[in-house]
Amino acid sequence: METIPKTEESQATKATERLAYSIQEAADMLGVNYFSVYRLIQRNKLKVCRALRGKLLVPRTELLKLLGTE
Amino acid sequence: MNYYERPTPLQEQANIEAIQHFVEHLNQFKANCDALRSIECNLSTTANDALKSALLSPGRVIQTDDGTQWQHDLDLSSVTSVCHRRTVAGLEFAVVECLPLKSGEIKEVLNSGHSVRDVLRAFTHDQRQVLNLWKEDVKAQVREHLDEKYPRQDMGIVVESFEIKMARAISETRAVTQSQSRGIRI
Numbered sequence: 000m001e002t003i004p005k006t007e008e009s010q011a012t013k014a015t016e017r018l019a020y021s022i023q024e025a026a027d028m029l030g031v032n033y034f035s036v037y038r039l040i041q042r043n044k045l046k047v048c049r050a051l052r053g054k055l056l057v058p059r060t061e062l063l064k065l066l067g068t069e
Numbered sequence: 000m001n002y003y004e005r006p007t008p009l010q011e012q013a014n015i016e017a018i019q020h021f022v023e024h025l026n027q028f029k030a031n032c033d034a035l036r037s038i039e040c041n042l043s044t045t046a047n048d049a050l051k052s053a054l055l056s057p058g059r060v061i062q063t064d065d066g067t068q069w070q071h072d073l074d075l076s077s078v079t080s081v082c083h084r085r086t087v088a089g090l091e092f093a094v095v096e097c098l099p100l101k102s103g104e105i106k107e108v109l110n111s112g113h114s115v116r117d118v119l120r121a122f123t124h125d126q127r128q129v130l131n132l133w134k135e136d137v138k139a140q141v142r143e144h145l146d147e148k149y150p151r152q153d154m155g156i157v158v159e160s161f162e163i164k165m166a167r168a169i170s171e172t173r174a175v176t177q178s179q180s181r182g183i184r185i
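Protein chains in written order, with numbering that gives the first Met the number 0: chain U, 0 to 69; chain A, 0 to 185.
Any given hint might turn out to be false.
Only pairs whose alpha carbons sit at most 25 Å apart, straight line, appear in this in silico BS3-like list of lysine-lysine [claimed, not checked]:
| no. | chain 1 | residue 1 | chain 2 | residue 2 |
| --- | --- | --- | --- | --- |
| 1 | A | Lys-148 | A | Lys-138 |
| 2 | U | Lys-46 | A | Lys-101 |
| 3 | A | Lys-106 | U | Lys-64 |
| 4 | U | Lys-64 | A | Lys-101 |
No lab work stands behind these hints: they were computed from the structure. The structure presented is a predicted model; accordingly, all values stated were derived computationally and were not measured.
Turn these sequences into a full structure, and let the hints steer you where they fit.
So, in structure tokens, the structure goes:
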């Protein structure tokens with residue numbers, strides 16, 4: 000009985016987990032300034048995708064890879 | 000704002016609001032343009048100082064992630080420095096980035112070569128490309144922000160004003176470099 004709320008909670012967490020982050024969010028997560036993030040992108044250390052209007056998005060998996068937590 | 004078109008009051012309001020929203024991007028962008036300009040203006044002096052340092056003092060050792068060892072000559076910024084190492088072909092210089100991520104430090108060679116001036120030139124060229132990437136991304140972010148905040152309103156003039164501001168900051172950097180190097184081979 001006790002596991003039910005936990006499962007629901009973890010499902011809810013998964014549902015709210017983002018697939019990609021903006022440059023500002025990526026900079027916060029990595030603990031560096033914006034320029035450093037763009038530098039990592041420029042030399043392909045951090046792979047990005049583009050949103051509809053061309054905005055750069057950093058996939059969560061790429062951030063985790065760089066943070067060594069994947 | 001566009002010099003040939005008068006913005007509407009709504010566009011003016013959107014422009015002020017967007018500047019406030021993206022103030023951190025604009026401030027950091029300007030600061031990095033200024034820092035790059037400073038490196039470009041002092042390229043010759045920096046190259047000479049790095050060369051002197053390489054010849055005279057041993058400098059602290061930095062081991063990059065590829066396993067190579069470099070000796071620190073001077074800092075270009077809080078995360079980049081000019082380093083050298085001795086090879087069979089003579090001194091080799093590099094701009095090394097030590098980027099402290101939350102998970103640990105990345106130590107990577109950004110540019111390298113046997114001429115310290117060429118290494119610095121390649122470095123500043125690459126940094127300018129990064130600034131252009133940054134400019135294009137902010138432009139896209141501003142467009143997205145305005146589309147969401149002012150749906151079905153033409154905010155092209157506001158997006159353009161951001162692009163002009165940032166392009167001007169980059170081109171000022173380039174103009175200074177060109178005027179500094181005119182007639183003088185650095």
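Against the structure, the hints:
1. A:Lys-148 to A:Lys-138: Holds, because 15 Å separates the two Cα atoms, which is no more than 25 Å.
2. U:Lys-46 to A:Lys-101: 18 Å, holds
3. A:Lys-106 to U:Lys-64: Roughly 16 Å between the alpha carbons, so the hint for Lys-106 of chain A and Lys-64 of chain U holds.
4. U:Lys-64 to A:Lys-101: 13 Å, holds
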